[in-house]
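Chemist: Can you build the whole structure from these sequences, using the hints too?
Each protein sequence line maps, in turn, to chains A and B.
Quick note on numbering: the first sequence equals residues 31 to 288 in this note's numbering.
Quick note on numbering: the second sequence equals residues 142 to 459 in this note's numbering.
Simulated from the structure, these hints should not be mistaken for lab results.
Partial list, derived from the structure: chain B residues whose beta carbon lies under 7 Å from chain A:
1) Thr235
2) Ala236
3) Phe273
4) Leu282
5) Arg321
6) Phe326
7) Ser390
8) Val439
Idealized CB from N, CA, C, for every residue including glycine.
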Amino acid sequence: MDIVVCVKQSYDVQQLKFDPSTGEPMLAGAPKKMSDMDKRALEEALKIKEASGGKVMAVTAGGSDVKEVVKEIYAMGADEVYAVMDDALKDADTTAIAKVLAAAIKKIGSYDLILCGAASTDGYSWQIPAKIAANLSIPLLPNAVSLKVENGKVVTESDLGDAVYVYSASLPVVVSVMLEINEPRIPKLSAILKASRKPFNQLSLSDLGVEVDAKMEVLSARMPKVARKNVVFDASDAAKVDEAISKLVEELHKENLI
Amino acid sequence: MRVFAVAEHRRGELNPISIELLNLANSIKGDGTSEAIVIGSDVSAYAEELAKYADKVWKIEDESLAEYNPELYVDVLMQLFSKEKPDIVLVGNTAMGSEFAPYLASKLNAPVVTDAVGVDVSNGIKVSRYIFQGKLMVDVLLREADTYVITIRQGVFKEEQEASGGIVDAGIKPSVTPSRQFVGFVEPEVGEVDISQADIIVSVGRGIEDASNIELAEELASLLGGVVAGSRPVIDNGWLPKDRQVGISGKTVKPKLYLALGISGAFQHIMGMKDSELIIAVNKDPEAPIFGVAHYGVVGDIFEIVPELVEKLREAKG
Ligand SMILES: Cc1cc2nc3c(=O)[nH]c(=O)nc-3n(C[C@H](O)[C@H](O)[C@H](O)COP(=O)(O)OP(=O)(O)OC[C@H]3O[C@@H](n4cnc5c(N)ncnc54)[C@H](O)[C@@H]3O)c2cc1C
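Modeler: So, in structure tokens, the structure goes:
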């Protein structure tokens with residue numbers, strides 16, 4: 031079975047710093063990493079390959095810094111990586127990225143199962159899987175928390191928030207995966223070292239015949255403000271615990287919670 | 142403007158997001174109309190409810206539409222939109238909505254923004270949304286287009302505007318056979334607690350250290366008449382079941398009281414509880430970000446504070 035995994039090099043949101051005066055994120059040089067759910071998608075692909083054979087290919091799209099994620103993809107164990115690199119993709123919106131990924135998948139040509147993370151760690155728009163499916167005119171089984179492939183059919187348990195739905199469809203399909211689906215492997219040092227020497231397939235937008243036109247423009251970005259009354263009781267040493275708790279219980283009384 | 146809202150229902154209940162979409166539609170339609178669309182096998186009851194908040198309600202009924210399917214939804218919506226041209230299509234940012242909205246937008250060749258918390262139509266279409274898992278709010282200006290698709294975060298547009306619309310049967314039937322089959326539901330285990338419905342939540346984080354300490358939280362919760370929930374590491378460690386997880390990959394909760402014990406306040410957690418009416422955090426680290434969203438904070442050790450609090454509450458109860 032030919033499995034294609036879509037992987038995003040996303041900002042490492044945990045480590046993102048903000049300019050205290052403007053509240054804007056300091057994106058220049060901010061650390062990046064493989065998007066969390068995409069990592070699960072890759073892990074799932076590798077597991078399927080280990081269980082029943084096949085080939086695991088990964089596609090990524092972005093600016094030239096996607097090279098970093100290519101190494102990570104190889105280190106985990108993918109057979110082939112295709113990277114669409116173009117500065118125009120740095121700020122591209124989801125419509126454009128999905129078009130590019132779908133075009134790259136078509137270019138690869140043979141695919142049975144396409145796996146992606148349900149949403150990226152940074153943008154978190156939940157749009158890419160459905161848009162890839164729409165571009166390729168194949169079904170999407172969304173938000174998988176479990177995945178089985180049997181006799182040309184895919185069955186997922188899909189967490190749609192209000193309930194877990196069981197879906198099935200015949201290959202080829204796109205499956206988007208949630209964090210719960212598996213625990214991704216941590217690559218061995220030797221694999222990491224080997225990965226940096228592996229060649230990858232570089233594709234340009236003109237190779238794919240895709241043009242990127244933005245449908246939207248970001249006007250401003252800022253930290254959301256939370257206004258809170260924020261009363262803090264200090265109970266950091268044992269002597270103060272009693273007083274702090276009395277005050278707390280008093281507040282709970284006032285709010286009619288006890 | 143003609144603003145359409147695609148209603149959502151599951152297992153016999155109208156999702157409140159449907160009304161919230163109409164609240165927003167009414168506030169941005171100007172001298173246009175707010176129009177609800179409800180799709181299913183028998184949607185009369187939903188249509189009547191929706192008509193209280195919309196200028197018009199479109200019914201699309203067919204046996205095959207009983208369960209949500211994105212291919213069928215987009216197919217019937219495209220049939221409707223080929224005759225009734227929308228300026229804006231609003232969809233709930235639920236798992237269902239965020240799945241079919243991009244499909245629909247691809248077919249309409251429309252720009253789509255997901256998870257909007259603000260929509261401003263005074264000067265072009267400007268949408269506010271969070272990115273970076275809630276760390277950052279962005280304003281996005283949509284390029285001029287015939288139709289826009291926007292998915293709306295749940296619980297934001299609650300202010301109701303009454304209307305009294307007529308109900309119209311659109312007379313549309315699906316014209317495709319879906320390639321994806323709905324097989325059934327994975328029924329949740331019985332005896333489960335639904336934390337999203339609880340008024341009082343005692344939530345524990347990694348600071349609780351061990352499964353055996355959950356008891357402490359249980360005791361406090363039972364005294365307060367609440368339930369115990371947790372942050373992700375607590376669930377990942379198997380100290381609490383998955384359906385007790387609060388946060389972006391767990392449940393969103395809005396109780397009257399949210400008591401956070403030994404939770405640092407990562408934004409993935411905060412996104413799931415920040416709208417609670419009263420937030421009290423206990424953490425030994427005075428710099429813990431949880432104090433940024435807490436109304437009351439106690440800087441201290443949960444293993445000293447919680448037993449003492451339990452005792453005080455017992456006394457108070459007599
Ligand atoms: C894609 C993604 C999705 C995620 N989704 C979620 C989600 O849905 N929900 C979620 O919760 N997390 C989620 N996370 C994880 C999140 O980033 C944090 O790692 C997690 O919330 C931290 O949990 P915590 O606060 O319990 O643990 P920690 O961050 O380790 O904090 C423990 C806290 O306890 C305090 N503490 C320790 N001992 C004591 C004591 N004796 N007394 C008082 N205080 C004490 C410490 O000072 C510390 O602040 C997600 C992460 C990713 C990448």
